[in-house]
Structures are given as C-alpha cells and as structure tokens.
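J.: Listed in order, the protein sequences are those of chains A and B.
Read in order, the letters of the first sequence correspond to residues 1 to 141 in our numbering.
Read in order, the letters of the second sequence correspond to residues 1 to 128 in our numbering.
Since the hints were made in silico from the structure, they are not lab data.
Where is the CB? At the ideal position from N, CA and C, for every residue including glycine.
Some clues are possibly wrong.
In the DSSO-like style, the derived pairs of lysine-lysine whose C-alpha atoms are separated by at most 30 Å in a straight line are [stated by the list, open to error]:
hint : chain 1 : residue 1 : chain 2 : residue 2
1    : B       : 123       : A       : 69
2    : A       : 140       : B       : 102
3    : B       : 13        : B       : 102
4    : B       : 13        : A       : 140
Pair by pair, the computed Cβ-Cβ distance ranges are [unchecked claim]:
hint : chain 1 : residue 1 : chain 2 : residue 2 : range
5    : B       : 83        : A       : 4         : 30 to 40 Å
6    : B       : 84        : A       : 70        : 15 to 25 Å
7    : B       : 81        : A       : 86        : 48 to 58 Å
8    : A       : 88        : B       : 94        : 40 to 50 Å
So you can see what is in the structure, the chains are spelled out below.
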Amino acid sequence: MSISNIFGIAASAMNAQMVRMNSTASNMANAGTVGSSAEEAYKAKRPVFQALLQEHQLDQGAQFLGGVKIIGMVDDAEPNKRMHDPGNPVADKDGFVFSSNVNEVTEMVEMMGAARSYQNNVEVVNTARELMMRTLDITKA
Amino acid sequence: MKIFDTAFGLHEKALNLRAQRMEVLSQNIANADTPGFKARDIDFKNVLNNVQGSSMRATHAGHVRHAGSAGAGSGLLYTVPFSTAVDGNTVDISVEHAKYGKAAAEYQATLRFIEGNIAGVRKALRGE
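Make a model of the complete structure from these sequences and hints.
T.: Structure below.
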C-alpha cells in the first residue's frame, strides 16, 4: 500500500523536524547562560538526520523505507567566548566566565527552516489523505 | 469472470505505479534536510511498459531477452539536480513539490478512468 506508506514517511520527517525545532528552542533558551570553563559552558545542539533507505534498517525499528531518522545530536564546534565578569558566582579564579556558543541568528534561521520543512510534510500528508479518500469513493462511481 | 479481470485494463497497474511514484516523491520531500540524500524518481513510462509485459515477448526458444527488460527492478532512478547542497543533498524542494502535485493530479486522472470503467460495467450489468 504505497499511499499509506506516505503517511509514515511524512510522519518520520515531521518528527525529525520537531526534534530540530526543540533543539533550537533549547539553544535559544540557553543562549545567555555562562559556565566556569569552556567545557562546562553550553554548546549549541544540532540533530543529525539520516535517511532510512537500507533494508536492514527495517530490523532496527524503522517501519518503512524512505523516512528520516535522527542518529544523534552534535555540539556546535564554535568556541565558547571568554568574558571578564569577576562578580559572577561561577567565574573562575581569574574572574573569567565562558558564555554559550549559541548564535541567535543561526538559531532563528534553523527554526524557520524546520518550520518550513514541517509544513511541506503536512502538505504531503494532506494530499495523500485526499487521494486516499477519493480512492475509497471509487465504489460510488 | 473474464470481464472483471480486464475491466480496468492498464489503469489498475497504472494506479499502483502512480501511488508508488508518489511514495518515492514523498521520500524526497521527507529527506529534504538529510545530508547526503540523493533525490530519486520513477521513470513511469518505462516501468509501466515493463509491468505491462510489453509488446515484445519471447515466443520462440531462440529469442534472447534483453538483460534490462526482464522485470527491470523497481525503475528507481536518481534525479539530475539543478544544484547540490554543500552537504551532498540533491533534493530541490520546490521541484519535488511541483512533481508531487502533478503526480497527485495524475493519480486522480487514473482514478477517473477506473471510475469510468466501473460505471461502464455497472451499466452493462444493469442492462437497461
């Protein structure tokens, strides 16, 4: 049943885009946080998408071929900025704090991209649903 | 009943194939942001010819079947992209959307043909 597979494929993509949007929200929320070392400071998170195209992936939880799967989250490689803020309770012994490496502009663009891709898949589902209903109506012909 | 086996003719196979093509296109749209994904499509005419059994038949022991023609797999081909993203993705979302819309219209067209066939069979059965 090809038409009903479309629902699953689009759903997996919507799910992936939702995770992407969630990680963007998390990044935005943590944009202003600081840490006492570069390792401790927040790093922007991004999901890694992978296409489910191989048959063996069907054994690993995929219900259909062609959807999207998130294989992990990676930290943004951008270095955390060091700021002098001796009054901050988390400042190190030299009075420095490390800010998160979140770039708000990048995150906004990511969010818009995720929203658009989500909408695209909603559109796909709508069309497939209409066609399915029309196919059911064939008996009325 | 022979009448029902052939009532829909080619359209029955075409409808299946059109649904398959829509699935492939939906995969492209779903993977629009997947790094390294290559957009694919089905060569409808070619595959339908193969499904149909084509007009070329091996009617003699000496006839040689062309390697590519027998079944010819799923007929999945990679599309030639207008542009490739830095991450190796070749999905052109606007193109895929347009294709998907057209494929949906074609699916409906095939449905119409089948509806016509059904109406024809009904009329014949009623015998008015």
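J.: Next, verify each hint and record whether it holds.
T.: So, going through the hints one by one against the coordinates:
1. B:123 / A:69: violated (50 Å)
2. A:140 / B:102: holds (25 Å)
3. B:13 / B:102: Roughly 18 Å separates the two Cα atoms, so the pair holds.
4. B:13 / A:140: holds (21 Å)
5. B:83 / A:4: 30 to 40 Å: Since the Cβ atoms of residue 83 of chain B and residue 4 of chain A sit about 33 Å apart, the hinted range of 30 to 40 Å holds.
6. B:84 / A:70: 15 to 25 Å: holds (23 Å)
7. B:81 / A:86: 48 to 58 Å: Check passed, 54 Å falls within 48 to 58 Å.
8. A:88 / B:94: 40 to 50 Å: At 48 Å between Cβs, range holds.
This entry does not satisfy hint 1, going by the numbered hints stated previously; all others are met.
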